[in-house]
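Fit chain A to the given chain V structure using the hints.
Take a look at the letters that make up each chain.
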Amino acid sequence: MSENSPTPPQDSSLGPTQIKSILEAILFAANEPISIKQFTQVLGDVSTHDIREQLIALEDDYQAANRSFQLIEIANGFQVCSRPEYRDWIEKFYTRQVRVRLSPPALETLAIVAYKQPVTRTEVEEIRGVNSDSVVNSLIQKGLIRIAGRKPGQGRSLLFATTDRFLEQFGLKNLSELPSIEEIEEILYEVQNEELELDTTDEN
Amino acid sequence: MQALPMDSQPQSTDSIYSIKLDIFEGPLDLLLHLIQKDEMDVRDIRIAEITERYLEWLNLMEQLDLDVASEFLVMAATLLYLKSQSILPSATDQDALPIKNREELVKQLLDYKQFKEASQVLDRYAEEHEQVFGRSVDSGDELGDLREFEIKATLFDLLSAFQRTTERLQFDGDDAYEEINEEQITVEEKMEFLERRMKESEQVPFEDLFSRYATKVEQIVTFLAILELIRLRRIIAIQSGQFGQIYIVRREG
Chain V
63 MSENSPTPPQ DSSLGPTQIK SILEAILFAA NEPISIKQFT QVLGDVSTHD
113 IREQLIALED DYQAANRSFQ LIEIANGFQV CSRPEYRDWI EKFYTRQVRV
163 RLSPPALETL AIVAYKQPVT RTEVEEIRGV NSDSVVNSLI QKGLIRIAGR
213 KPGQGRSLLF ATTDRFLEQF GLKNLSELPS IEEIEEILYE VQNEELELDT
263 TDEN
Chain A
1048 MQALPMDSQP QSTDSIYSIK LDIFEGPLDL LLHLIQKDEM DVRDIRIAEI
1098 TERYLEWLNL MEQLDLDVAS EFLVMAATLL YLKSQSILPS ATDQDALPIK
1148 NREELVKQLL DYKQFKEASQ VLDRYAEEHE QVFGRSVDSG DELGDLREFE
1198 IKATLFDLLS AFQRTTERLQ FDGDDAYEEI NEEQITVEEK MEFLERRMKE
1248 SEQVPFEDLF SRYATKVEQI VTFLAILELI RLRRIIAIQS GQFGQIYIVR
1298 REG
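So the sequence lines, in the order shown, correspond to chains V and A. Each residue of the first sequence is one higher than the one before, starting from 63 at the first, in our numbering. Each residue of the second sequence is one higher than the one before, starting from 1048 at the first, in our numbering.
In isolation and in its complexed conformation, chain V is listed as follows:
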């Protein structure tokens, strides 16, 4: 850590260590992922390249010191999170089951919006083959999708898109991280094999 306390944002002579500490302080105070843009707004003259570099350095520090938390890239930003191995302890602390799970219809509607966005409700219904009013509404209520505008032309139907909260909840850095068709097949193939193994152990 630096000897001198960091000077106000306007100053252009911030050293790498100071930048790193400021980033850490912001991450510590925030309760949601912070984007590079938000960091730039605070740090003024510091380039996005330098910010990125110091964020990586920060995560390296955590790893080297074997901390129980990590810096992850998620939902178009960065966030400090606990490491997975401490999950049980944190759940014990919250004294409740933290499993978040959407019903299959809600999940499938969310997937359609995620891949097809911006998308109208009619387009969602064409794919699902069933009225989707209440599912769409419940996804909006949960903050996983939002109204993203109106489709030009006749009817001017509402368009829906996913939110940052969606990215956050599903552990995605951004929308380009949505799994491709090939990845989906691969992952489901693995899951099926796991299930088969589980089934045989069940019977024994």
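Hint data in this document are derived by calculation from the structure and do not stem from the laboratory. Do not take every clue at face value.
Stated by the list, open to error - Cross-link-like lysine to aspartate or glutamate pairs, in silico, EDC-like; alpha carbons within 16 Å at most: (1) Lys-1130(A) with Glu-1177(A); (2) Lys-1154(A) with Glu-121(V); (3) Lys-154(V) with Glu-1177(A).
To be verified - Sample of chain V residues with no beta-carbon within 10 Å of chain A, all distances over it, derived: (4) Ile-84; (5) Leu-120; (6) Ile-209; (7) Val-253.
Yeah, the Cβ is synthetic: ideal placement off N, Cα and C, and Gly gets one too.
Just chain A now, with coordinates in the frame of chain V:
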């Protein structure tokens, strides 16, 4: 699995009990469920067979007085049309009906299947990500709010299990069906009963919730009560693997 157990007597449980299905699955789901159950390939569906199965299910859902959405009926019409086409290719004029040809149906199913699979992968992502916790002022509450009706088993899995259960019960206790029970138990009463039952044990195999001496009507009432409790988020239905045993699990708090 051929004949439905409910065919004989349409002893309906008043339509007051009809359960809204809009939080549940649609006709494409049912079709895909039936295709996968019969281990068919979507591109190579045996229309006659699938149509028969589909209609059996529709019939079951109607007898249970589930509020079957019109989309289910349109799909039935489509399947019947395709079936008739395969027998008498020029018999019907498709343009006159708002239904799809085989190619269109297969395409719709494949598209749908892709999104369904994508959603399963996303669910997996969420599961992995749940192991880390970000700094947050009210983490616990936020997560609590996010919880949905957790039906790990789909409506069709539940219906399948119900069908199996009633078949088995019918076989065990034929006499029970002869008695006509004057005091009909209501869905509300059954819900209370089930909740008391779930207080004693946190997890119960689905079929254990059905008494073997119950009348057919009571079985239907039990099933509707289970659906209603799922809808009200008091219980969760979890299935072990595809087409496996279903467990009913009490929700906390």
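The hints, checked one at a time:
At roughly 47 Å between alpha-carbon atoms, Lys-1130(A) and Glu-1177(A) are farther apart than 16 Å, so this suggested pair is violated. For the hint pairing Lys-1154(A) with Glu-121(V), the CA-to-CA distance comes to about 47 Å; that exceeds 16 Å, so the pair is violated. Restraint check for Lys-154(V) and Glu-1177(A): the C-alpha separation of about 14 Å stays at or below 16 Å, so the hint holds. The claim that Ile-84(V) lies off the interface holds: its Cβ sits roughly 17 Å from the closest Cβ of chain A, which is beyond the 10 Å cut-off.
With a least beta-carbon separation of about 14 Å from chain A, Leu-120(V) lies farther than 10 Å from that chain, consistent with its non-interface assignment. Interface exclusion of Ile-209(V) from chain A stands, the closest Cβ pair being 19 Å apart, more than 10 Å. Non-interface status of Val-253(V) relative to chain A is broken: a Cβ of that chain comes within 10 Å, the nearest being about 7 Å off.
In this structure, the hints that do not hold are numbers 1, 2, 7, in rising order.
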